[in-house]
Amino acid sequence: KNQVEQSPQSLIILEGKNCTLQCNYTVSPFSNLRWYKQDTGRGPVSLTIMTFSENTKSNGRYTATLDADTKQSSLHITASQLSDSASYICVVSLGGATNKLIFGTGTLLAVQP
Amino acid sequence: NAGVTQTPKFRVLKTGQSMTLLCAQDMNHEYMYWYRQDPGMGLRLIHYSVGEGTTAKGEVPDGYNVSRLKKQNFLLGLESAAPSQTSVYFCASSYYPSGGYNEQFFGPGTRLTVL
Chain A
5 KNQVEQSPQS LIILEGKNCT LQCNYTVSPF SNLRWYKQDT GRGPVSLTIM
55 TFSENTKSNG RYTATLDADT KQSSLHITAS QLSDSASYIC VVSLGGATNK
105 LIFGTGTLLA VQP
Chain B
593 NAGVTQTPKF RVLKTGQSMT LLCAQDMNHE YMYWYRQDPG MGLRLIHYSV
643 GEGTTAKGEV PDGYNVSRLK KQNFLLGLES AAPSQTSVYF CASSYYPSGG
693 YNEQFFGPGT RLTVL
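These protein sequences, in sequence, are chains A and B. Count the first sequence with the numbering used here and you get residues 5 to 117, in order. Count the second sequence with the numbering used here and you get residues 593 to 707, in order.
Wrong hints could be hidden among the right ones.
Now the in silico label distances, taken between C-beta atoms and shown as ranges [stated by the list, open to error]:
#1 A/80 x B/675: 38 to 48 Å
#2 A/46 x B/632: 11 to 21 Å
#3 B/678 x A/46: 13 to 23 Å
Now the stretches of chain B that chain A is said to cover, found in silico as 3 or more residues with beta-carbon under 8 Å [to be verified]:
#4 628 to 636
#5 652 to 659
Just so you know, these hints were derived from the structure itself, not from any lab. Beta carbons: idealized from backbone N, C-alpha and C, even for Gly.
Given only the sequences and the hints, what does the whole structure look like? Please build it.
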């Protein structure tokens, strides 16, 4: 069964601190992996997209890593800001003709002053 | 550029009532999608369209119908609403198929409650 699991479910950190969110997937065939940020009451916004050949990709203070062998990805947030408070969703794209996206349930991050 | 917009933002229905959710995009995207997001679950695909005049079923299509009469608009209809359809509905669009190495743009969502 194609699945995307994220941990932790929720996380509270202090402003200025770093944090790392985890994503494990069992998806086949694999095409690419994405991280989205979803602010409360808004739609998801893409942060990064990585294919199996890309180990790391950065977008400002966000750095995503991908280990296609162990089927794990992480999203590292550096020097967190209050505006980073959101849900972070890991999404894996199936390859082949289906072009289907498998969404994780997200990690809810709260950054406190 | 408004991107992807959705109408309405909120709606409360009684069981058995019908309604249509409207999605509009101004990016000239070929592909459009309707998702629902429920607590504790990832987004699930309801229906999608690969171009004007075409629609296809997604993962959870039962109880919904869609139409894509114009390239920029994608409508989601509920003919007889049920409490199980209480959810947040997101529309999205993209240039290429969602599985490709390309970005999918989401609207702000419609929060629907069925009593």
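How the hints compare with the structure:
1. A beta carbon spacing of about 40 Å between residue 80 of chain A and residue 675 of chain B agrees with the range 38 to 48 Å that was offered as a hint.
2. For the pair residue 46 of chain A and residue 632 of chain B, the supplied restraint of 11 to 21 Å holds, since their beta-carbon distance comes to about 19 Å.
3. Between residue 678 of chain B and residue 46 of chain A the Cβ separation comes to about 19 Å, which falls inside the hinted range of 13 to 23 Å.
4. Given a C-beta distance limit of less than 8 Å, the hint that chain A covers the segment 628 to 636 of chain B holds, as 5 residues qualify and 3 suffice.
5. Counting residues of the segment 652 to 659 of chain B whose beta carbon lies closer than 8 Å to any beta carbon of chain A gives 0, which falls short of the minimum of three for the stated coverage.
In the structure shown, a violation is registered for the earlier hint numbered 5 alone.
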